[in-house]
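Read in order, the letters of the sequence shown are residues 3 to 376 in the working numbering.
Be aware that one or more of the hints could be misleading.
Derived DSBU-like pairs: lysine-lysine, alpha-carbon spacing no greater than 30 Å straight-line [claimed, not checked]:
(1) Lys76 with Lys143
(2) Lys351 with Lys285
(3) Lys143 with Lys108
(4) Lys351 with Lys76
Calculated from the structure, these hints are not laboratory results.
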Amino acid sequence: MIDRLSEKLPPLSRLQRLGVSLAIVVGVLVIAGGVFVLSGTYNIAAGRDHLSVTTWLLEVVRDRSIAARTSNIKAPPLDDPDLIELGARHYRDACSFCHGTPGTPKNPVVAQMLPAPPDLTLSPERYTPEELYWIIENGLKYTGMPAWSAEHRGDEVWSAVAFIMDLHRNGPARYAAIAAEVPPASMEGEEGGDLAPLAECVTCHGDGKRPPVSDLVPSLNGQSRSYLARALDEYRGLVRPSGVMAVAADGLSDAQVEALASYYAGLPDVRGSMSPVEGDAAKGREIALSGFRDGNVPACAACHAGAGRAANASLEGLSASYITGQLNLWRNGERADSGHGAIMMPIAKRLTEQQIKDVAAYYQAEAVAQEEAR
3 MIDRLSEKLP PLSRLQRLGV SLAIVVGVLV IAGGVFVLSG TYNIAAGRDH
53 LSVTTWLLEV VRDRSIAART SNIKAPPLDD PDLIELGARH YRDACSFCHG
103 TPGTPKNPVV AQMLPAPPDL TLSPERYTPE ELYWIIENGL KYTGMPAWSA
153 EHRGDEVWSA VAFIMDLHRN GPARYAAIAA EVPPASMEGE EGGDLAPLAE
203 CVTCHGDGKR PPVSDLVPSL NGQSRSYLAR ALDEYRGLVR PSGVMAVAAD
253 GLSDAQVEAL ASYYAGLPDV RGSMSPVEGD AAKGREIALS GFRDGNVPAC
303 AACHAGAGRA ANASLEGLSA SYITGQLNLW RNGERADSGH GAIMMPIAKR
353 LTEQQIKDVA AYYQAEAVAQ EEAR
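Just need the whole structure built from these sequences, with the hints factored in.
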């Protein structure tokens, strides 16, 4: 019967025979792979290296995935000292536990991770700045590398990239110079207590003796207690997005929030030299003090000076870089989750990029004038 059936079937072509053979091979491989996976033969212990072919495959998939997603990313100038200084402090507070610090042995617990966290001093030899940006912003699956803890804060991510590039160029000595611990501020008789987190705050924001470490960091001195407490509440509740401040505010108690807010509210402003500005301070003054009806933009001073200052930030004393950065976040719709953010977003959207620079230039000029008058 089989002979009769075979006589009725047309002979297979060479291509068809090849297809049948490939199907059989694929079927065998699928069955063998299933048996291998279900048998538990592969040792997933972190103390045992992958097979060489497994490592190669994972690295190819990882690097091609990163490269495919970075074609539209363009790095800003990464030699900006403000970016580097801010990135160094975030690295010390959030990254150094896993990646270590230059010139010091790796944490023995982290040394047992597989894959091991790379030495970031060497990362620029393998990845472009744009690729490093994507990795830091998005994290990597199955490596322990988390995504940035606040979405749409590329400005913060670039600070980390700028620091890594600077670290690659200048080595361990540079890290020691810009990321060393800043001596804790005077706690006015306190033995730590609710002001214990202050030692970390001053490394970026300064205190009554030191200015902020970077123009991208706001001066907190003299801001109202209620505004500072609200800002910390929003950061620790992840309502106000910031990958840097999410780390700093995480775990603060209500009492610590109140103590820190009261401390900074009572300090005199201390300002170092500020970066040059691009805006027209005279035009910015008009917007800041009067707004303009045609564009439905109220005066900044209506909410940020006088009686309105208690609930909102005082803009006097802030750098142009910081004001510009925050207004652009609102303009891009990236700081609208809080009540005050929802108010600011439509206002910022009505401003042009140049008008934002003008307003920022005016407030920085005011800060410089106040500093010179002291």
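Against the structure, the hints:
no. : hint               : in the structure
1   : Lys76 with Lys143  : holds, 24 Å
2   : Lys351 with Lys285 : holds, 18 Å
3   : Lys143 with Lys108 : holds, 22 Å
4   : Lys351 with Lys76  : holds, 23 Å
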